[in-house]
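Per the numbering used here: the sequence shown = residues 372 to 692.
Think of the hints as simulated: they come from the structure by calculation, not from any bench. Glycine is no exception: its CB is placed at the ideal position from the N, C-alpha and C atoms. Worth double-checking, as some hints may not be accurate.
Claimed, not checked - FRET-style restraints, in silico, Cβ to Cβ: (1) Ser502 with Lys442: 23 to 31 Å; (2) Asp537 with Thr507: 53 to 61 Å; (3) Leu458 with His497: 20 to 28 Å; (4) Tyr505 with Glu534: 35 to 43 Å.
As the list claims (entries may be wrong) - In silico DSS-like links for lysine-lysine, alpha-carbon gap of 30 Å or less: (5) Lys418 with Lys524; (6) Lys658 with Lys524; (7) Lys659 with Lys524.
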Amino acid sequence: MQIVPSVCPHDCTSTCALEVERIDARTIGRVHGSHRNTYTRGVICEKVGRYAERVHHPDRLLHPLRRVGPKGAGRFERIGWDDALDLVADAFTRQAQRLGPETVWPYYYAGTMGLVQRDGINRLRHAMGYSRYYSTICVTLSDTGWAAGVGAKRGVDLREIDEHSDLVVIWGGNPVNTQVNVMNHAMAARRRGARLVVVDPYRTGTAERADLHLAPRPGTDGALACGIMHVLFAEGLADWDYLRAYTDCPDELAAHVANRTPEWAAAITGLPADAIVDFARLYGRTKKSFIRCHHGFSRSRNGAVNMHAVSCLPAITGAWR
Numbered sequence: 372m373q374i375v376p377s378v379c380p381h382d383c384t385s386t387c388a389l390e391v392e393r394i395d396a397r398t399i400g401r402v403h404g405s406h407r408n409t410y411t412r413g414v415i416c417e418k419v420g421r422y423a424e425r426v427h428h429p430d431r432l433l434h435p436l437r438r439v440g441p442k443g444a445g446r447f448e449r450i451g452w453d454d455a456l457d458l459v460a461d462a463f464t465r466q467a468q469r470l471g472p473e474t475v476w477p478y479y480y481a482g483t484m485g486l487v488q489r490d491g492i493n494r495l496r497h498a499m500g501y502s503r504y505y506s507t508i509c510v511t512l513s514d515t516g517w518a519a520g521v522g523a524k525r526g527v528d529l530r531e532i533d534e535h536s537d538l539v540v541i542w543g544g545n546p547v548n549t550q551v552n553v554m555n556h557a558m559a560a561r562r563r564g565a566r567l568v569v570v571d572p573y574r575t576g577t578a579e580r581a582d583l584h585l586a587p588r589p590g591t592d593g594a595l596a597c598g599i600m601h602v603l604f605a606e607g608l609a610d611w612d613y614l615r616a617y618t619d620c621p622d623e624l625a626a627h628v629a630n631r632t633p634e635w636a637a638a639i640t641g642l643p644a645d646a647i648v649d650f651a652r653l654y655g656r657t658k659k660s661f662i663r664c665h666h667g668f669s670r671s672r673n674g675a676v677n678m679h680a681v682s683c684l685p686a687i688t689g690a691w692r
């Protein structure tokens, strides 16, 4: 048996480092978190730890199947890869010839695809003139909102919060069940004395471990963020030196939220105005703060706006310093 390095192929931003037992050229054994990686530190989620059961499961699909009965009947026959590719190509060609290439939309997305496979499909779409789309249905709203607030799709290395964060805010996610190593680093900071706050409509496993849980109505996170901003500006908790040096339009933002009072936000979010004020003061007075934004609160009609508003908070207090 040989231990080989790898990385988690799931659609998860943690991208945990792995050590995989290689039994032979076609067989793997247990999968472990890499102890050499300071983010993973030997810990991975259970579904990846048991990855061999998935790879070698007797019911795993290994060949293309063509439906031979009505939809829903579950009747398929095995065909070869050449036949499968011909079927897809013929369908694309017929549709493009009949109604134009933009009526063909090769939608794809999977965490295990990788950049080579994704860009291969993008090249096909460009070459043939097929309909395109930006990013994915899953994260387009959150990515757009984050880019509007931060300017680029980048953030903080979670390993920094272990030693440097005095307040950790997990907003719109449940890493206890979905990103175990995010929670490990958050709890390491909490054991050191940092406060842990969770913003989520549900009382999740993550919320149960928090020092403070704010549960706004679903889809109202942007209003909550505006109410927090109002307090930060009104009570002198904004870092104006940072805002004027590194951000765009801080005066316009302060004017925009001047009438977004905690009472205004309370009527929208369902949270008590006092709870909004208390959290805003905690956040504004804790200079070494960290907000972990997850995708959950962006999956609503105003998702990008919600993310944009929340992503502005660290700039207001100068937490990016």
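Quick rundown of the hints versus the structure:
{"no.": "1", "hint": "Ser502 with Lys442: 23 to 31 Å", "result": "24 Å, holds"}
{"no.": "2", "hint": "Asp537 with Thr507: 53 to 61 Å", "result": "35 Å, violated"}
{"no.": "3", "hint": "Leu458 with His497: 20 to 28 Å", "result": "23 Å, holds"}
{"no.": "4", "hint": "Tyr505 with Glu534: 35 to 43 Å", "result": "37 Å, holds"}
{"no.": "5", "hint": "Lys418 with Lys524", "result": "28 Å, holds"}
{"no.": "6", "hint": "Lys658 with Lys524", "result": "23 Å, holds"}
{"no.": "7", "hint": "Lys659 with Lys524", "result": "21 Å, holds"}
In this structure, only the earlier hint numbered 2 is contradicted, and the remaining ones agree with it.
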